[in-house]
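We have chain L; now place chain U onto it with these hints.
Chains as they are written, first to last, in our numbering: chain L, 1 to 521; chain U, 1 to 521.
Don't read these hints as lab results, they were simulated from the structure.
Take these hints with a grain of salt, some might be off.
A pair holds if it fits inside one copy or across any two, identical chains being indistinguishable in the list.
Stated by the list, open to error - In silico lysine to any residue, SDA-like type, Cα no more than 20 Å apart, as pairs:
no.: 1; residue 1: K29; residue 2: N49
no.: 2; residue 1: K68; residue 2: S53
no.: 3; residue 1: K149; residue 2: G137
no.: 4; residue 1: K415; residue 2: N141
no.: 5; residue 1: K9; residue 2: K63
no.: 6; residue 1: K37; residue 2: H170
no.: 7; residue 1: K121; residue 2: F497
no.: 8; residue 1: K149; residue 2: E500
no.: 9; residue 1: K99; residue 2: K271
no.: 10; residue 1: K29; residue 2: D217
no.: 11; residue 1: K29; residue 2: N73
Number of protein chains: 2
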Amino acid sequence: MGQKLKLVKNAAGRKVPTLVNGVKAIPFKGVGRYSPKGVKAAPPIRSCNDYPSSGNKVVGSLKEALKKCGVKNGMTISNHHHFRNGDLMMNQVFDTAAKMGIKNLRWFPSASFPCHEPMIKHMESGVIHHIEGSLNGPLGNYASDGKMKGLAVLRSHGGRWQAIQDGEVHIDIAIIAAPTADPFGNCTGDRGPSACGLLGFGLADSLYADHVVVVTDNLVDFPCVPWQIQGNNVDHVVVLDKVGEPEKIVSGTTQITKSPDRLFIAELTAKFVKAAGIMQDGFSFQAGAGGTALAFAIYLRELMKEAGVKARFIRGGSTKYLVEMLEEGLTDFILDGQTFDLEGVRSMRENSGHINTSPFTSYNWHGKGNFASILDAVVLGATEVDVNFNANVVTHSDGQMLHGIGGWQNCLFSKCTILPIPSFRNRIPIIVDEVTTLVGPGELIDVIVTERGIAINPKREDLIKATKKSGLPIRKIEEIKEEVDDLVGAPLDKPEFTDEVVGVVKWVDGTVIDSIHKVKQ
Amino acid sequence: MGQKLKLVKNAAGRKVPTLVNGVKAIPFKGVGRYSPKGVKAAPPIRSCNDYPSSGNKVVGSLKEALKKCGVKNGMTISNHHHFRNGDLMMNQVFDTAAKMGIKNLRWFPSASFPCHEPMIKHMESGVIHHIEGSLNGPLGNYASDGKMKGLAVLRSHGGRWQAIQDGEVHIDIAIIAAPTADPFGNCTGDRGPSACGLLGFGLADSLYADHVVVVTDNLVDFPCVPWQIQGNNVDHVVVLDKVGEPEKIVSGTTQITKSPDRLFIAELTAKFVKAAGIMQDGFSFQAGAGGTALAFAIYLRELMKEAGVKARFIRGGSTKYLVEMLEEGLTDFILDGQTFDLEGVRSMRENSGHINTSPFTSYNWHGKGNFASILDAVVLGATEVDVNFNANVVTHSDGQMLHGIGGWQNCLFSKCTILPIPSFRNRIPIIVDEVTTLVGPGELIDVIVTERGIAINPKREDLIKATKKSGLPIRKIEEIKEEVDDLVGAPLDKPEFTDEVVGVVKWVDGTVIDSIHKVKQ
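Just chain L, same shape as in the assembly:
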């Protein structure tokens, strides 16, 4: 049931609702144009009077923990997604809530995955009212089809922190699946049989939720170190047989591309970074989890070796490729936000060159600066871009909600944002007249790299000048678009949208940058 809502035009010319799931929403005002007011969310003051002096907070079951948290209809339950498609907790949590007869919950994960398909039955039965968080696979389709009761609210990792911190989303109960924990609730993701790396996406939840439950399959003596999540923020600890399948964190977008075209694009991207003068001693970069971005890192590594250049830091998701660069001395540090393979997990446990970060340090727009803008270059994916460099990452050209935003919007603030993308997919051009969904404003996107050439945003005269004599195929974006349009021929039927809104996309400052409409069947 998509919603017929009063829409207003925002600063990007997109029509957006001013009320999202009953909460007042501010239309996007332009990059850097919205100034927040007021104070941060303030969690209740607790007292040691109410916690066991032994420090032992272990309770017998998930059900007992939910009871002790006072679970009731209409509450918001959150979790982190560090297990990605290997999460074993959240279906159990909502199964338990269902058996307890609880209704109308809001699920607020940092991302959902295909493994969470069972949540559909909980939405059908009214246990879950709606989900706010990245949707893809079956849940993405369910929401895209207008079947979810509430609007999907797509936020970046930084935007999720901002929403919690600013009190826009109040979490009643946070569930922290923890590969290792002690009875006090200190816990870590970097060790234990289910080690998944970091727990940083659950950090805001642990700080701001009314009640925090740590669930672990590896209880160790106090103190569990490192304590990525602090037991002082934890109410209860539950011990289960298995909390997640870490071998499944390598899923979806986190495998290197085998496509010759994409490998070529990745190579071109690395050459551009070098030619533009970015690849200098002490520089920094981030490459997303997409297959092309991973390949980029491998090409850049070779160029760095040739030139004898060392980075100051690389922003992860750690992968075995980044780990090798750390081990080869090509960077002082990897700043980890999450972990994309088991070699990354091992290395972050063993190598002190890995530094744990969180959406607070890296991405939160409503902080005193963040790390994203310090990066010299960031390489990201996109589903569509337009000739003004506006980009989409959440919907495909068919209008279906199929990706989360991840850190994508946050990363756009780097000193040089590069999108390496094929110029068409399945006969559909990627450079379009207008993106289906606006997720990133063009003024923040500096370079598009396709197999047909590199387009530099005209605003970046410095980059245009720096690469003029590089021999790289620098072209106007309009030129590449025309060539692809000619090649692909008559455009496929574009999806038609109804006036029913099924979701909104938040900008990093919490304003609404676009709406997602239900596709006409």
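Chain U alone, transformed into the frame defined by chain L:
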């Protein structure tokens, strides 16, 4: 000018004011009897719009930083005391404020030291209205003499966190002296020419203050790791020639005793811990910074070696003695709260067995539990105890405010709290009819160890039973008192107090446990 205030009797029978420096104060209600209401303090929401996207927050001078923070009359300026008597920052800060013509500031250090004597001139001239924080040396005398305009408010380390967290003390500007920092404001105490160890006493300040200024003498490239204080909470960075003299952190109470009596008491304490069955594999203990407590650790170490016993963790202040125990494999971890000598600083930088803690993890009573109650034994000092085991740590029998509380009150919640103290000092008995100032309720103090015998709190029947056949000189506290009173002879003239209040002592939950009165001249 001590204050004539309306006083009410609290649950400990002590007369306390209900208004402290203009803020409503709750009289002590008994251990575990006060339940806080409401929500934590909520700092303003900031925006990256207002911070340099380069991440470079360096400004030219302290004066410029204070200006940018909007310093004005009546504000509260805070700092951590990790440099102890080697702090070089805070006199400069208030000298700068004085030159800027600012008046009526409240100084809110986590502790002050004799090096801060120049603050007296700022109090005389009205630049500083009053100090809230541990007072000793010249500042202690100044306040004791009733010369300070406001009341001294003595809080434990945990109580200081609680007061900030609960919004009882609002910090306008926090100054973080940092031995190493990057331009973004990430900083650490464990390295750099002025390395002092931890910065944990400044953590609450960094989280809750409106404005945070990091001052360093060792600016490094981003990222400064570890980041004990996160740059995302920092507004400005100032670079000066020297922020502190780390060689002076070994000051006052942090030297091992040479007194044969006190060495004997320390040995007796160690033997008691063993005899009581506390010294078992996986146990934990904390020994304060006092000379006797340090000696205790050395004796216990020998007993542990003999028995082949290994601790799970020791709570620091790290000293070279604890470091040796870590290196000898006598403990898995040292949980550091501060650092008491340079060997401690070196080790915490190099040995991953050191775990950084803060008053939040260790001491905050208004959290979801804290570490203090998990400890198997804690060994602390005291200036006086009474026969009901009530103890004093802030005033001497002459009524002068001469010590801070430190973590003392917080540590009382351990499973076994032991006070090794000489039975008299300078012909003044330490076991008294009534403590001059009540700082720790007797129900939390389990054992007193003197050179004349060990007194166990009658409430601890388990300890009495466990040590019955130990051969240790277990005696009634009344017996020891009588013996000392006889020995010392006619009591010296006790100080007489005026009805003017010069300070209050807070309990760990923010309630007022006692008042400090001005001594009659």
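Consistency of the hints with the structure:
no., hint, verdict
1, K29 / N49, "between (47 Å within a copy, 13 Å between copies)"
2, K68 / S53, "within (17 Å within a copy, 44 Å between copies)"
3, K149 / G137, "within (18 Å within a copy, 67 Å between copies)"
4, K415 / N141, "neither (35 Å within a copy, 56 Å between copies)"
5, K9 / K63, "neither (45 Å within a copy, 45 Å between copies)"
6, K37 / H170, "both (18 Å within a copy, 19 Å between copies)"
7, K121 / F497, "neither (26 Å within a copy, 74 Å between copies)"
8, K149 / E500, "within (12 Å within a copy, 66 Å between copies)"
9, K99 / K271, "neither (57 Å within a copy, 55 Å between copies)"
10, K29 / D217, "neither (46 Å within a copy, 41 Å between copies)"
11, K29 / N73, "neither (35 Å within a copy, 37 Å between copies)"
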